[in-house]
Structures are given as structure tokens and as C-alpha cells.
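Using the sequences and the hints, build the whole thing.
Sequence order for the protein chains is A and V. Oh and the first sequence: position 133 is 133 in our numbering, straight run, nothing missing. Oh and the second sequence: position 40 is 190 in our numbering, straight run, nothing missing.
Everything hinted at is true.
List time: in silico SDA-like cross-link candidates among lysine to any residue, alpha-carbon distance up to 20 Å: (1) K162/V / P194/V; (2) K129/A / S160/V; (3) K142/A / I193/V; (4) K21/A / I3/A; (5) K63/A / D216/V; (6) K142/A / P194/V.
Since the hints were made in silico from the structure, they are not lab data.
The lines below spell out each chain.
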Amino acid sequence: MAIQIKTEIFDPFEEIQAYQKKKFADIKSIGASTIFIGTMRDFNEGAPIKSMTLDYYPGMTEKQLDKIILSAQQQWQLIDCLVIHRVGHILPNEPIVLVAVWSSHRGDAYDANRFIMEKLKSEAPFWKKELLDNNQARWVIKNTNGYTPD
Amino acid sequence: MSIKVRYFASLKEKIGRSEDTLPYLKPMTIYEVWHHFNVGTTIPENTLAAVNMDYASLDSLIKDGDEVAFFPPVTGG
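So, in C-alpha cells, the structure goes:
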């Protein structure tokens with residue numbers, strides 16, 4: 001399991017490949033891998049967005065992500081998880097977040113990935129501030145609801 | 151000893167500070183910590199609080215050496 005906060009742009013596919021190479025050489029039980037990548041849009045709430053700045057609470061952010069992953073591990077049969085989140089100045093098309101989950105079965109991999117992502121959005125202390133095309137800045141205030149399984 | 155108080159994101163901008171330090175004299179709630187430093191300022195609706203990097207309710211009691219944080223709802227991902 002790994003959590004990384006990155007201040008520079010990252011390539012989620014390279015990160016996944018590197019992680020798999022490093023961690024899974026001797027593991028033969030993986031039957032399902034799910035990957036969620038969140039990228040920055042160039043619009044939000046009806047306005048064009050030029051860039052954004054992501055603020056966070058060093059220490060608490062990692063601690064909460066750790067708890068979220070632990071909770072997922074308690075609910076589903078998981079082999080490993082990788083969560084990477086950008087902070088700092090971000091441009092449209094750049095990845096913001098990567099959640100990768102490895103399991104023996106797809107049900108566990110799908111459900112745990114969704115759970116981690118939704119919990120991250122409602123509990124991990126990150127805050128987005130958008131720079132609009134007209135150079136006005138605004139904090140994103142709309143929060144998403146937590147994950148509600150069917 | 152003392153209590154460290156931290157503010158983040160829009161709340162930090164709103165009150166114009168990122169940190170306060172309070173000498174520890176007696177047990178107090180998170181709500182009382184807010185009013186100690188922000189006299190006459192109502193805590194903004196939806197403000198979240200944490201003690202030692204775990205979420206806590208505003209009526210939680212803090213102890214010497216704790217780090218208290220106030221921030222708006224999170225918007226990561």
C-alpha cells in the first residue's frame with residue numbers, strides 16, 4: 001500500500017507500471033486491477049477555468065488517506081492499493097488523482113476503488129482554488145456526498 | 151506547554167492568519183479555542199475541525215500539546 005502527495009505533474013500509467021514492477025514480481029494471485037484517474041477539466045460550474053491550485057494539510061491528508069485505505073482493506077479482499085494526489089499549481093488535462101487497486105477478483109477491486117475515491121473526496125483535506133479565464137480566483141465550495149453503495 | 155491552532159484554505163484567507171498559539175491553562179472545547187482567537191466572529195457554517203489530524207466535533211475537549219485545525223469542507227479528487 002502506498003500514498004503519495006506530488007507537487008509536480010505525474011504520469012499515472014508510468015506510476016502504475018513502476019509500482020507493479022517493484023511490488024508484484026513474486027505475486028501471482030492478482031486477478032483484477034482497477035484504476036481511477038481524475039484529471040483537471042477546463043470548465044467548472046459554468047465557467048472556463050485557466051488553472052487551479054490545490055492546497056492540503058500535510059500530515060493530516062496522509063493520515064486520513066491511510067485510514068480510508070485501511071477501511072477498504074477491512075471491507076474487501078485486496079492485495080494492494082496505490083493512491084497518488086497532486087497538490088500545487090495544476091493545468092487542464094493534468095492528472096489530479098490516481099487510485100489503483102489490485103485484488104484477486106473484480107468485485108473487490110471495483111468496489112474498493114470506488115469507495116476509496118468517494119471517501120477521499122469527502123474526507124481527505126485537499127482544497128481546490130480555481131483561476132478563471134477572466135483572472136478571478138475562487139475556492140471550490142461544492143462538496144460531493146460520500147459513497148453510498150446500492 | 152501550548153495549543154497550536156491552524157487554519158486552512160478559504161478560512162485562512164478569511165481570517166488572515168494561518169496559525170495561532172495558545173498557552174495551555176485549562177481544558178477547553180474546540181469551539182472555545184475558536185472564540186479565544188476570533189472574538190466576535192461566528193465560526194463559518196460547515197467549518198470542519200480536527201485535533202491532532204483527526205476529525206473532531208466542536209464540543210470536543212482539547213488537552214495540552216494538541217494541534218487544533220479549522221478548515222472548510224474538503225474538495226480534493
